[in-house]
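S.K.: Produce the complete structure using the sequences and hints provided.
Each chain, written out:
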Amino acid sequence: MSVKRCSSAAALLAVLLVLGACAVPQPYRVPSPATTPTSPSGSSPTTTTPAPTPEAIPEPTPLPAPVVKEPTLSSASRALVAQAQSQAAAKNFPVAAASIERALRIEPDNPLLWIELGKVRQEEGNYVQAENMARKALSMSINAPRTQSTAWKLIADSYRARGKNVEAQDAQRRSEGVSR
Amino acid sequence: MKKLSKLTKRILIGASLAFGVGLIALLAWIWHLDGIVTKQFEGRRWTLPAQVYAEPLELYVGQTFGADTLEQELRRLGYRRVDDPTLAGSYRRRGTRIDLVSRKFQFWDSLQESQQLTITTSGTAIASMSDAQNAEVPVFRLDPLLIGSIFPLHGEDRVIVAPDEVPALLPAALKVVEDRKFDTHHGVDVVAILRAIVANARAGQIEQGGSTLTQQLVKSYFLDNRRTIGRKIEEAFMAMLLEIHFEKPDLMNAYINEIYLGQDGARAVHGFGLASQFYFGKPLAELQLHEVALLVAMVRGPSYYDPRRHADRARARRDRILKLMAEYGIVEARAATVAAAKPLGTVMSGSSSGSYYPAFLDLVRRTLQRDYREEDLTEAGLKIFSTLNPPVQNQAEKALAQELDRLEKARKKPAPQKLEGVVVVTAPQNGEVIAMVGGRQAGFAGFNRALDSRRSIGSLVKPVVYLAAVQSGKFNAASIVEDAPMEVKLANGQLWKPKNYTEDFAGPVPLVRALSQSLNLATVNLGLAVGLPEVTKEFKALGLKEEPPQLPSVLLGAVDVAPIDVAQLYNAFANGGFNTPLRAVRSVLDGDGKPLKSFALEVTPVAESAAVYQVNQMMVQVMERGTGRGARALLPSGLVVAGKSGTSSDYRDSWFAGFSGTHLGVVWIGYDNNTPTGLTGSSGSLQVWARLMSAIGTTSWNAAQPETLQPVTVEFQTGLVARPDCGQEVLTIVVPQGTELPQKPGCELNGPGRSWWDRLIH
Chain Z
1 MSVKRCSSAA
11 ALLAVLLVLG
21 ACAVPQPYRV
31 PSPATTPTSP
41 SGSSPTTTTP
51 APTPEAIPEP
61 TPLPAPVVKE
71 PTLSSASRAL
81 VAQAQSQAAA
91 KNFPVAAASI
101 ERALRIEPDN
111 PLLWIELGKV
121 RQEEGNYVQA
131 ENMARKALSM
141 SINAPRTQST
151 AWKLIADSYR
161 ARGKNVEAQD
171 AQRRSEGVSR
Chain H
1 MKKLSKLTKR
11 ILIGASLAFG
21 VGLIALLAWI
31 WHLDGIVTKQ
41 FEGRRWTLPA
51 QVYAEPLELY
61 VGQTFGADTL
71 EQELRRLGYR
81 RVDDPTLAGS
91 YRRRGTRIDL
101 VSRKFQFWDS
111 LQESQQLTIT
121 TSGTAIASMS
131 DAQNAEVPVF
141 RLDPLLIGSI
151 FPLHGEDRVI
161 VAPDEVPALL
171 PAALKVVEDR
181 KFDTHHGVDV
191 VAILRAIVAN
201 ARAGQIEQGG
211 STLTQQLVKS
221 YFLDNRRTIG
231 RKIEEAFMAM
241 LLEIHFEKPD
251 LMNAYINEIY
261 LGQDGARAVH
271 GFGLASQFYF
281 GKPLAELQLH
291 EVALLVAMVR
301 GPSYYDPRRH
311 ADRARARRDR
321 ILKLMAEYGI
331 VEARAATVAA
341 AKPLGTVMSG
351 SSSGSYYPAF
361 LDLVRRTLQR
371 DYREEDLTEA
381 GLKIFSTLNP
391 PVQNQAEKAL
401 AQELDRLEKA
411 RKKPAPQKLE
421 GVVVVTAPQN
431 GEVIAMVGGR
441 QAGFAGFNRA
451 LDSRRSIGSL
461 VKPVVYLAAV
471 QSGKFNAASI
481 VEDAPMEVKL
491 ANGQLWKPKN
501 YTEDFAGPVP
511 LVRALSQSLN
521 LATVNLGLAV
531 GLPEVTKEFK
541 ALGLKEEPPQ
551 LPSVLLGAVD
561 VAPIDVAQLY
571 NAFANGGFNT
581 PLRAVRSVLD
591 GDGKPLKSFA
601 LEVTPVAESA
611 AVYQVNQMMV
621 QVMERGTGRG
631 ARALLPSGLV
641 VAGKSGTSSD
651 YRDSWFAGFS
661 GTHLGVVWIG
671 YDNNTPTGLT
681 GSSGSLQVWA
691 RLMSAIGTTS
701 WNAAQPETLQ
711 PVTVEFQTGL
721 VARPDCGQEV
731 LTIVVPQGTE
741 LPQKPGCELN
751 GPGRSWWDRL
761 IH
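Chains as they are written, first to last, in the numbering used here: chain Z, 1 to 180; chain H, 1 to 762.
No false leads were slipped in.
Which chain Z residues stay away from chain H? Per the calculated CB distances, all over 12 Å, these:
#1 A89
#2 R146
#3 S149
#4 R160
#5 G163
#6 K164
#7 D170
#8 S175
#9 E176
Simulated pairs of lysine-lysine, PhoX-like, Cα-Cα distance not exceeding 20 Å:
#10 H:K418 with H:K398
#11 H:K489 with H:K499
#12 H:K597 with Z:K91
#13 H:K181 with H:K323
#14 H:K594 with Z:K91
#15 H:K104 with H:K594
No wet-lab data here; the hints were simulated from the structure.
Keep in mind the model is a prediction, meaning the values are calculated, not measured.
Think of the CB as a built atom: it goes at the ideal place given N, C-alpha and C, for glycine as much as any other residue.
M.R.: As structure tokens, this is what we get:
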């Protein structure tokens, strides 16, 4: 079922030969951006690096590095997050979480709010949900290195709190790596 | 003589003995009644059904509300339009500006005091909000709509009001109409009883009741409905005993909370607090003169004077009562005349606070039954904050009813039974169930198909198969699968020969086309290539309660699932690969207003975001050029949605599940006895779904594209990479960076000269 109907191994060595043999155009290789960001899917702490580019295949021009676009909070969300932070400071975690959930109903796609909710869970001691909230935030903070960094930091904290030090270090590295 | 006198003596002794015994018995009985009256009435604990609220409306700058929509929402909440809003629950509109005074409300997380709010709108959005001091208000919650209560089997429902929540007119009117000597009598008004007897004798039927308010209270509170002389006497004694033990204001307040004022299906409407919500959709404190008079008018016969069924009768009696009130100086004659000129002002049952949504409330009840006993729910006065969005619920009911009517009208011969249907709507990102219709008659409490009807889901399984394929790393949207006749040898030795819907086959096709056109043979081939265990595991991972059996027929949807569980499954797609348990309840307050419990938002990553994104993009193509394209005519142009149709074998079940950026909708249509309907997912449920989505103002699906993916243009038919201006029916799919795809000869993206990307970028 593979798409690579022409043997790509052969293609690596002799493009012309392969072209002739298959009588079809050479396969198109989907480009990667100029800078390779880390995997945003975050379903596993291990990085998946793209396969090395074979020399023999002519590459399309690499994509320009994407424009950085950090999210911001609306004024309604800002007010609710401020309220939640003071509620969390008073150790009233369920109410603090409820305030952030209100904001999330207004801006469900804002990763900053998922991070805030994760922070409340972390303070409350619900480390698994803290990590999950951060991963949810990561899945929506595309081209937003600063937000990604904050999310990875929360993941690192969550691992550390659970004694998963290796994973914590990895997440910490990502936090520092993507914030550059 | 002697004998006689002896006899007389005996009679006298016997009589006095009997009298003595009788007296003792009477005293004992009174003592017994006193026990009942004091013990039961002392605590005055009504069983208070839990009250269920809809989600509150959040107002904030940028909220997509024009002035008209906002006014409509305020009216739904029973806010009254006035010239000068100073009282809670009133507003003024001047063009695009609305000034309102909110109601005090105990939310789960805080008490919100009544406050003034000025809102200006521009076009279709809120432009600014400020308070009485002209300070900016960033976000504000309106008091939520009361959508129903969880009342016990005997069906008494009520909303308790404290004396300060009762308009002064109400007790005054009650006294004038029902019991003019209330302030002075001792429980029984002998003159009134005699007058009633005379009047009734003259009329030859019961026209007047001589009962005091206290007697009425006793009758409703302690006694059953039997009308015997014995009951009357018991009632009179208990009324007198009550008067000995309790003050008049206490008795009046008890009366206001106790008395029966109407019937709503299985639930009995008790007390003026609930009656106010039920008939007028607003709190008792906000009632105006003509509304108070109507409720007082109904005391004598809530069904005889039902303003919804017998408007003329109710109005005539209301106006008589207004006249009486003026006569006795409670209101000025002019005010009474003005009030009598007003319409009854009742809200439609089913469109406002009085209504209730049985399927949704059933879900609420089941949610809470895990944590609370039945008595807690029906008696302890809990306040339940639900996730129901009334406008979306109303649109869901409407879309289903209209489409089922249309389908049945289009039939050539009448069907032996009525088509049934279900709609479930969720907010995918937080898993809140915002609407649920459990059957065609949405207001009818019965079999809740949304929760209990497990039916074959047909092709709704396909996105799960495709997700398993993409997650395996071996397939992408342009990968080729064979859509050709096939035979699968089953474990029992039988041969399984699946067929396509069209009985035809398409040959080699890319995944995106196989899913869009719902090709069965291609899907079975794909599923078998991925491996059955991988596929069935995926169902469980995404949130289906039970893993389906590892049978090839599962690849074509031979699995029975309830609509709510389909919603849970598809919610994982709509939520980008995160599972969020569906919720109908946000939180619960106890009878004293203390927070009891909250059902917090939880998310769990269950599938690779990038894989889910690729499958979702394929489901966008289902809507663009596949089995979902029939929705396009109804949907706003440019609205990006993703979805999948499903038809079970022999057209027994018509399904559609699909989502936008903010709403997931699952629709089922079929017959209760599982006979064929002749409908496909596209010809039945898709239409309901499209009507609903077009009516609720939803937003496009525009999830962030994972950084590991890149778009590329391919031909829909062949899956070959092609320039948009060159190939046939070229569409954009997303694949992982570095994926190699075959190109269409002559249409190469990186063909001679400048690359396609170069031209796109420059």
